[in-house]
Amino acid sequence: MSIFEYNGSALVAMVGKNCFAIASDRRLGVQLQTIATDFQRIFKIHDRLFLGLSGLATDAQTLYQRLVFRHKLYQLREERDIKPETFANLVSALLYEKRFGPYFCQPVIAGLGVEDKPFICTMDSIGAKELAKDFVVAGTASESLYGACESMFKENMEPEELFETVSQALLSSVDRDCLSGWGGHVYVVTPTEVKERILKGRMD
Amino acid sequence: MGDSQYSFSLTTFSPSGKLVQIEHALTAVGSGQTSLGIKAANGVVIATEKKLPSILVDETSVQKIQCLTPNIGVVYSGMGPDFRVLVRKSRKQAEQYHRLYKEPIPVTQLVRETAAVMQEFTQSGGVRPFGVSLLVAGYDDNGPQLYQVDPSGSYFSWKASAMGKNVSNAKTFLEKRFEGQISGKNIEIGIIGTDKKFRVLTPAEIDDYLAEVE
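In order, the protein sequence lines correspond to chains L and C. Residue numbers are given in this note's numbering: position 15 of the first sequence equals residue 15, and the series is strictly consecutive. Residue numbers are given in this note's numbering: position 46 of the second sequence equals residue 46, and the series is strictly consecutive.
Hints in this document: simulated from the structure, not taken from any laboratory. The beta-carbon is built from N, C-alpha and C at its ideal position, and this holds for glycine as well. Treat the hints with care, since some could be wrong.
Facing chain C, from chain L, some residues (calculated, C-beta under 8 Å) [said to hold, decoys possible]:
1. L73
2. R77
3. E78
4. T86
5. N89
6. A93
Lysine-lysine pairs mimicking BS3-like chemistry, simulated, CA-CA at most 30 Å apart [claimed, not checked]:
7. L:K129 <-> L:K195
8. L:K195 <-> L:K17
9. C:K92 <-> L:K83
10. C:K176 <-> C:K165
11. L:K44 <-> C:K196
12. C:K176 <-> L:K72
13. C:K196 <-> C:K64
14. L:K129 <-> L:K98
15. C:K171 <-> C:K64
16. C:K51 <-> C:K159
17. L:K83 <-> C:K102
18. L:K98 <-> L:K195
19. C:K159 <-> L:K83
20. L:K98 <-> C:K171
21. C:K197 <-> L:K83
22. C:K102 <-> L:K129
23. L:K44 <-> C:K102
24. L:K83 <-> L:K117
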């Protein structure tokens, strides 16, 4: 079994009209055994920037701690929040530093940039960025997620419709993957508020 | 005076609390060619005297004003070779920032890092301070900015400034002719309460408190 499939994960981020949604599953497993059903994979960097980390859970937690550290110093030095595109470059550089002994994580970055324009991107475990205008996916359920998102995605969705779409895509995809699931965790972010919701799906 | 006995070592304070080597470095700057800078509402201008030792010198080969990044330039007063070293280091720092963030470095960050280099050379063994003061002019997301960096590593933001020879005359001229308001609070107040969050009061808040006191 690949190291990326050790813990199991599913992550998706989608762009809407002046908003974005980022969602993950909630299962933490050790191969076939489920250890936790409330594991957090999506982290807030600041009010308009969220980071999801799929892959090996320990690396996800450590990488998150390192990035929060870097961002706090950035905030103190530059007296402002980091832009999503800049943060993506920072993550990419950090991952490539460990090119020959990498973090076994695939990050998904979603944020609101200048003039509230939504920004999403993902990258592989050594920092190769993949920008997208519609959606990005990561984790053991990524193949199902690609299919579900491709068919359900529409441009310029309002926050409520975006939430429905992301939730349906996530739940239907993790149902086809034994290593991810046990509910969903969805954040819908607009310029004025962040709505966090828990989904109840097939609890297996 | 006890000071002169302490002027040999950079890393030793004199009894009067000064680092005499840095004072000497400032003197070296003060006898360098005049340079000055002015910040306008929509840009910054820096200029320097380019007096060459003889008419035989090829003046096109001498460049006293240099670019650190496409949107930040610098001029100096003092020792030319020291300036070249600082320009080289600053350019490298700006590029490293860009490599990490793919964003052009903000002027304040570059000034801070250059000043940190200059400060290192006032607290290490076997080195001497840089014999230059820099005027850094840049335009970034925070608008036009003008900074002066001294051999000690301290830096100041200016609306208009001059360095080198005849600096007092130049500054008097700028103060008289400059159209901005040269007023400012010369006190800073920071506060931490039961919320356990440290913050610095804004000048407006300080004004309010001062008005109450009066």
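Cross-check of the supplied hints:
no., hint, result
1, L73, "violated (12 Å)"
2, R77, "holds (7 Å)"
3, E78, "holds (6 Å)"
4, T86, "holds (5 Å)"
5, N89, "holds (4 Å)"
6, A93, "holds (5 Å)"
7, L:K129 <-> L:K195, "holds (27 Å)"
8, L:K195 <-> L:K17, "holds (15 Å)"
9, C:K92 <-> L:K83, "holds (23 Å)"
10, C:K176 <-> C:K165, "holds (19 Å)"
11, L:K44 <-> C:K196, "holds (22 Å)"
12, C:K176 <-> L:K72, "violated (43 Å)"
13, C:K196 <-> C:K64, "violated (49 Å)"
14, L:K129 <-> L:K98, "holds (15 Å)"
15, C:K171 <-> C:K64, "holds (21 Å)"
16, C:K51 <-> C:K159, "holds (26 Å)"
17, L:K83 <-> C:K102, "holds (11 Å)"
18, L:K98 <-> L:K195, "violated (35 Å)"
19, C:K159 <-> L:K83, "holds (29 Å)"
20, L:K98 <-> C:K171, "violated (52 Å)"
21, C:K197 <-> L:K83, "holds (24 Å)"
22, C:K102 <-> L:K129, "holds (13 Å)"
23, L:K44 <-> C:K102, "holds (22 Å)"
24, L:K83 <-> L:K117, "holds (11 Å)"
Of the numbered hints given earlier, the model fails hints 1, 12, 13, 18 and 20; all others are met.
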